[in-house]
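**Q** Now for the letters of each chain:
Protein chains: 2
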Amino acid sequence: MSESSERTLVDLLIEPRWVLPIEPDDTVLEGHAVVVDGQRIVAVLPVAEARQRFQPRETVSLPEHVLMPGLVNAHTHNPMTLLRGVADDLPLMTWLKDHIWPIEGKVMGPEFIRDGVELAVAEMLRGGTTCANENYFFPDTIGATYRRLGFRAVVGLPVIEFPTPWANTRDEYFERALETHDGLRDAPLQTTAFVPHAPYTVSDDSFERIRVLSDQLDIPVHLHTHETQKEVDDGVAESGLRPFQRLQKLGLVNDRLIAVHMVAVNQAEIDACAEAGVSVVHCPESNLKLASGFCPAEAFRKAGVNLAIGTDGCSSNNDLDMFGEMRTAAQLAKAVAGDAAAFSAAFALRAATLNGARAIGLGDEVGSIVAGKQADLTAVRMDQLESLPLYDVRSQLVYATGRHQVSDVWIAGQRKLTDRALVDIDEGELADRTRAWGQRIGAI
Amino acid sequence: MSESSERTLVDLLIEPRWVLPIEPDDTVLEGHAVVVDGQRIVAVLPVAEARQRFQPRETVSLPEHVLMPGLVNAHTHNPMTLLRGVADDLPLMTWLKDHIWPIEGKVMGPEFIRDGVELAVAEMLRGGTTCANENYFFPDTIGATYRRLGFRAVVGLPVIEFPTPWANTRDEYFERALETHDGLRDAPLQTTAFVPHAPYTVSDDSFERIRVLSDQLDIPVHLHTHETQKEVDDGVAESGLRPFQRLQKLGLVNDRLIAVHMVAVNQAEIDACAEAGVSVVHCPESNLKLASGFCPAEAFRKAGVNLAIGTDGCSSNNDLDMFGEMRTAAQLAKAVAGDAAAFSAAFALRAATLNGARAIGLGDEVGSIVAGKQADLTAVRMDQLESLPLYDVRSQLVYATGRHQVSDVWIAGQRKLTDRALVDIDEGELADRTRAWGQRIGAI
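Sequence order for the protein chains is A and B.
Once you know that position 296 of the first sequence is 296 in my numbering, the rest is easy, because the numbers rise by one and skip nothing.
Once you know that position 109 of the second sequence is 109 in my numbering, the rest is easy, because the numbers rise by one and skip nothing.
There's no promise every hint is true.
Same chains, same names: a pair is fine if it fits in one copy or spans any two.
Said to hold, decoys possible - Capping the alpha-carbon separation at 20 angstroms, the derived lysine to any residue pairs in SDA-like fashion look like this: (1) K302 <-> N254; (2) K302 <-> V47; (3) K302 <-> D26; (4) K302 <-> A291; (5) K97 <-> V47; (6) K97 <-> A198.
For the record, the hints were derived by calculation from the structure and aren't laboratory data.
Since the structure is predicted, the reported quantities are computational estimates derived from the model, not experimental observations.
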């Protein structure tokens, strides 16, 4: 090896015990370091070589940790974190009509949104999530909050056929969507996506407008699709078409589509997703807790569909724990497929990182630890008794790791969590603010 | 209220923010204290009254915590904790034949057992579990280890039709079973149960002997039953009887029976369990991870069967996390039943405590916080961001609590965990010993 007489000055050298890069596939590196400069990963290489070639301003030694890409929560409604556990174990419509909607009617507005997003960001960072595909009203406030907190997010631009506190008419939804999109143009960590609420709450005309605009703006379309058999049956009863068929007719089944849930699907629809490059977001805990059904996750995987993972909102989970979600996905998929070798730990990790990044159009920017990509990184401690013995890092991460083992997190090269302490958020003050919401909402 | 001039001297006064007693049902107490003297709970009463009536040697204030009964892990194979993640994502028979059995063949013996149990006890205590219904070979070593560590356990006395390192002939299995049982006679925290391995590995003759002996010794019969459809089909092919029918014929379907898994069952079998007082242990994560199928947990609950919860062994989970298991049970049961109101958080908590205690014959001793019962107690912190806002304690415990939130644990009035530190176990030394096993087993 030739010796370079001068070392390259860089911002950060991370020396973990293991690196789980996700790309290349099927790889766990030991004795490797990750070099970061500015927002980006500069190199992944053996430690000795890294120390020889680079002069870091900061060195972070993580001797019992695995360094992996930050998790991508590919579907969530983060302001609803303030509604965590407000009304559980109820039938779906009762829950919505008698609890969630009345509460939202009373509290939804910029303050609720801002505080809910901040609580969610705190929880996500403490659980190793570095990016969320968000979906709620007041996207302008949502976007501004993520921006202020330096958290990577796709801000959903909602479209729905009836009035809400966000907008009254269809035109207003679209106007505000475009304003919000423009407002985030220079935001380095926030992008947008259209979020037509669901097939049964959005008209063909609106879908058509979304199709045209999403192409023009080059942004995804993020949509609850085939969440329950009832949704499918209702669609057929109303139009003669399964909702997915209707989306196909509308020209929306393509590689911009982020189809969430996809529980009540058939093999033809799975294959159509693979062919069209649709991304599917699997939310196992929500599907179970709301009794929506069982998504054929292994069938999607086998068909080569880009399957990502999401927690959905806190009122149907009830947390934003992507480690728990990965585990549930990996366990559940085996029983659904009737195959104990299905949906491996390795695939679960990929689904929760790179596939999520690809789903939101950031597959070249994040989702794996590769030179050139942005440095969204999560370090996980693996030395506690619950992680021992350790035979296989990936298996352990998925089947026997809790999110509290996350120690350090970076987004675009910026440290967001240091030895479990949030860098930019005052936890005590946030807890007080959150309790105040709890009092207010609990009294409704 | 009359004032007593002298306060009663007691060992311990615990003042938590909430008490979740499990009995009475549907109750969460605020502003209450729990009084403990020796092994037992003396009283559960308002704090002011407690301070007036009792003079405690020790007062433990838990201002942000809920105090609940210690969790009962109603089915596990704790020495296998040393095999955590040794070979995942494989078909069941490959996993057993190519990995688990060869490894066990090489390492099974008193040292492996002792160290595996100790690791499991450390993990269980750190996760709020105070009692395990154990099932593995070398029950003499198992019993001695639990005894030394002061951990409550039911020590399974294995019976199987082929030789293992524990015993060679059927007579030997029974002799050693009786010896082990006698050896634990004076053990205050350990009891025994017969563990015929499974219907397909135990003969009618052995079952008959077990039936007679379990009656004589007044101990339960702990049995994997109808874990998979294949097991049922094989039973029918071999004898014309479903295994459960065979057990009925053998007179084993009664209130001594702890039937584990019970995945491939029909309504008649569910009803028969209710009628006969059979306890069923539901192991959702194992059933999912091994693709065994979906236990109709809500149907068991509706039928009034005593349904408890277990993690199974670490190589099919891969942890001993009863909080995670409760959550998976509560979420999964809803989807299996097609009912979002099924298997409530309240029921999940009861299943993981009192029902487990009842299943193992200790329903009068532990499983709820009631005066007269033994003081097996777990305190859980509820003040971190992930637990806020808090609308309903029971919902939060099941749907949004991680086991790392467990702060303090008592078994029979003895403190076992203090502010997350193990009282009787040297964590560093145990970690070293565990790593050594990891090296040894990893090299097989």
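**Q** Checking against the hints above, which ones are violated?
**A** 2, 5
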